[in-house]
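**Q** Sequence lines, in order, name chains A and B. Here the first sequence stands for residues 1 to 487, numbered as in the numbering used here. Here the second sequence stands for residues 1001 to 1095, numbered as in the numbering used here.
These are computed hints drawn from the structure, not numbers from a lab. A portion of the hints provided could be inaccurate.
[What the hints assert, rightly or not] Derived pair list, reagent style DSBU-like, types lysine-lysine, alpha-carbon separation capped at 30 Å:
{"hint": "1", "chain 1": "A", "residue 1": "Lys460", "chain 2": "B", "residue 2": "Lys1092"}
{"hint": "2", "chain 1": "B", "residue 1": "Lys1092", "chain 2": "A", "residue 2": "Lys380"}
{"hint": "3", "chain 1": "A", "residue 1": "Lys414", "chain 2": "A", "residue 2": "Lys391"}
{"hint": "4", "chain 1": "A", "residue 1": "Lys251", "chain 2": "A", "residue 2": "Lys261"}
{"hint": "5", "chain 1": "A", "residue 1": "Lys460", "chain 2": "A", "residue 2": "Lys111"}
{"hint": "6", "chain 1": "A", "residue 1": "Lys278", "chain 2": "A", "residue 2": "Lys391"}
{"hint": "7", "chain 1": "A", "residue 1": "Lys345", "chain 2": "A", "residue 2": "Lys44"}
{"hint": "8", "chain 1": "B", "residue 1": "Lys1040", "chain 2": "A", "residue 2": "Lys414"}
{"hint": "9", "chain 1": "A", "residue 1": "Lys70", "chain 2": "A", "residue 2": "Lys86"}
{"hint": "10", "chain 1": "A", "residue 1": "Lys345", "chain 2": "A", "residue 2": "Lys380"}
{"hint": "11", "chain 1": "A", "residue 1": "Lys95", "chain 2": "A", "residue 2": "Lys414"}
{"hint": "12", "chain 1": "A", "residue 1": "Lys332", "chain 2": "A", "residue 2": "Lys345"}
{"hint": "13", "chain 1": "A", "residue 1": "Lys332", "chain 2": "B", "residue 2": "Lys1092"}
{"hint": "14", "chain 1": "A", "residue 1": "Lys44", "chain 2": "A", "residue 2": "Lys95"}
{"hint": "15", "chain 1": "A", "residue 1": "Lys70", "chain 2": "A", "residue 2": "Lys44"}
{"hint": "16", "chain 1": "A", "residue 1": "Lys251", "chain 2": "A", "residue 2": "Lys391"}
{"hint": "17", "chain 1": "B", "residue 1": "Lys1092", "chain 2": "A", "residue 2": "Lys95"}
{"hint": "18", "chain 1": "B", "residue 1": "Lys1040", "chain 2": "A", "residue 2": "Lys278"}
{"hint": "19", "chain 1": "A", "residue 1": "Lys261", "chain 2": "A", "residue 2": "Lys278"}
{"hint": "20", "chain 1": "A", "residue 1": "Lys414", "chain 2": "A", "residue 2": "Lys44"}
{"hint": "21", "chain 1": "A", "residue 1": "Lys345", "chain 2": "B", "residue 2": "Lys1092"}
{"hint": "22", "chain 1": "A", "residue 1": "Lys391", "chain 2": "B", "residue 2": "Lys1040"}
{"hint": "23", "chain 1": "A", "residue 1": "Lys391", "chain 2": "A", "residue 2": "Lys332"}
{"hint": "24", "chain 1": "A", "residue 1": "Lys261", "chain 2": "A", "residue 2": "Lys414"}
Listed below, chain by chain, are the residues.
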Amino acid sequence: MPLQLTLVELADQLASGALSSRQLTQSCLDRIAQVDPVVHAFLKVDAADALAQADAADAERARPGAAGGKPLLGIPIGIKDVIAVKGHSLTCGSKILGDFVSPYDATVIEKLRAAGAVILGRLNMDEFAMGSSTENSAFVTTRNPWDLTRIPGGSSGGSAAAVAALELPATLGSDTGGSIRQPAAFCGCVGLKPTYGLVSRYGLVAFASSLDQIGPFTRDVRDAARMMNVLCGHDSRDSTSLPRPVPDYEKALGGTLKGMKIGLAREFMVGGLDPAVKVAVDAAVSQLESLGAEMVEVSLPHSEYGVAVYYIIATAEASANLARFDGVRYGKRVEGIDPIQMYEKTRGLGFGPEVKRRIILGTYVLSSGYYDAFYLRAQKVRTLIRQDFLKAFETVDAIVSPTTPTAAFRAGEKTDDPLQMYLSDIFTISANLAGIPGMSIPCGFTQSPKLPIGLQLLGKPFGEETMLKIAHAYEQSTGWHHQHPVL
Amino acid sequence: MSDGDFDIQYAARLARLSLSSEEQHTLGSQLGNILGYIAKLREVNVDGIEPTCHAVPLFNVTRPDESRPSFTNEEALLNAPARSNGLFVVPKIVE
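Chain A extracted, bound-state conformation (with noise of 0.2 Å):
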């Protein structure tokens, strides 16, 4: 079985019968024992359980009748160690979990659960989504399937790195700041983090809440709008989840781009980028211009701000959220004489650094003399950086950029300097901010190395169906998505 085939390709070949999930789900385990040695996308593999479902959608399948409705039956999905499978270990990429392992399903679970799909492993990433590399990772770090020396992007560097070395066609991830867009761009594949509120964070470990998104990653554009369709809808365990209807996201792929206005923001074209990125963002609009679509420069002046703002907000809500993590009901405990020692010293032994940085970071920023100066202003420019994005929209569709400032850069490059780091995600924060959809599509490669660059597609709320239209034109007019990695 070839391993570069797509979601879609894959189910019309388990429909027509060419391939059974139990053939496919074993290529994938074949494929991650062959290449994960090196690549290290995965905390964990279930082999067993992954082959037990197979089993049960082939069986599924041959029930006459039975399989019309399901879009993914039999398909491997891997998961990001952040979002809960019943009776699976749940680690977050951090030690403090202990061997933790998940009562219930997430929501999106029990989504690909009910299309079908096998639920296969346990991918890593940065320690509680906190980071941009898979760095801050308490296991290992992933590498980037392109050049194992570089690393692939966090926080949902393990997801990417998956879809990318071809150990499964699709998977989840999650997106607080650019978590599935930047390592989407660096490993070369499709990664989409939906409109604040269209998918359900119920059995999500939560980051910032007011940014998390579960999204996924994919080989190409078809896909992706495959898994939202999977993947979108109104659940009321979640009380951010917006009682909508969920359109056919497939069906809004095809026809020309002709009449359609798309943005070109003038500030995200400016200082810092390299000059490779730029060639290849510049050579996407060309394309997109030939494709019929009208661009137009947009100006979003306050994005300059939108990596302070994130780093307030983001950690304040992290500050709150990982309150939970104290030793009492879960997890590791590390004794102490009273309750407040046993929650420092659990606390300090169990989380890393960046995510200790974080939590006093939110909470320097929530103290008594600071929460107006830091955290209620940050709320105000986020407003501000709302506003500037529904005000280009009422004249463009959508809107180009970069996906990142440059291309995968090497382990250990950025680990010393944190806000080197945070600024790695420039183009990818404003849109959580905001709360809009986005995406990344290839858009070419440097030439040495040979790595990928991300082209970011930003929708208005809502406006997926559209920005994976524009997406899916330009892939099919330019073919990025069929170059893969060798390994």
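Based on the hints, put chain B in the right spot on chain A.
**A** Same frame as chain A, now just chain B:
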């Protein structure tokens, strides 16, 4: 908004986080840099701007006040670091 007087011990105590003296030193200087960067928000005129808590116009989301299935005692204690008689065991809180 001052960034020169960052008291890491104070913040660590509020966060219930024990730090080694080496961690205090490293984190303290890194956080000083980050706060210096964050201070650029002082440039922005936010007069009359409403804060955004999150980007979705949803307020006071409630559910019907009805009982529904939940974890059993055994499921709730599945990951407990210490348990006894169906309860979590914790250090003594009240003398």
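**Q** Determine for every hint whether it applies to the structure shown.
**A** Outcome of the hint check:
no. : hint                  : result
1   : A:Lys460 to B:Lys1092 : violated, 53 Å
2   : B:Lys1092 to A:Lys380 : violated, 43 Å
3   : A:Lys414 to A:Lys391  : violated, 35 Å
4   : A:Lys251 to A:Lys261  : holds, 20 Å
5   : A:Lys460 to A:Lys111  : holds, 25 Å
6   : A:Lys278 to A:Lys391  : holds, 25 Å
7   : A:Lys345 to A:Lys44   : holds, 28 Å
8   : B:Lys1040 to A:Lys414 : holds, 22 Å
9   : A:Lys70 to A:Lys86    : holds, 21 Å
10  : A:Lys345 to A:Lys380  : violated, 36 Å
11  : A:Lys95 to A:Lys414   : holds, 23 Å
12  : A:Lys332 to A:Lys345  : holds, 10 Å
13  : A:Lys332 to B:Lys1092 : holds, 18 Å
14  : A:Lys44 to A:Lys95    : holds, 14 Å
15  : A:Lys70 to A:Lys44    : holds, 27 Å
16  : A:Lys251 to A:Lys391  : holds, 28 Å
17  : B:Lys1092 to A:Lys95  : holds, 26 Å
18  : B:Lys1040 to A:Lys278 : holds, 27 Å
19  : A:Lys261 to A:Lys278  : holds, 21 Å
20  : A:Lys414 to A:Lys44   : holds, 27 Å
21  : A:Lys345 to B:Lys1092 : holds, 16 Å
22  : A:Lys391 to B:Lys1040 : holds, 24 Å
23  : A:Lys391 to A:Lys332  : violated, 48 Å
24  : A:Lys261 to A:Lys414  : violated, 37 Å
The structure fails to meet hints 1, 2, 3, 10, 23 and 24 from the earlier list, while all remaining hints are met.
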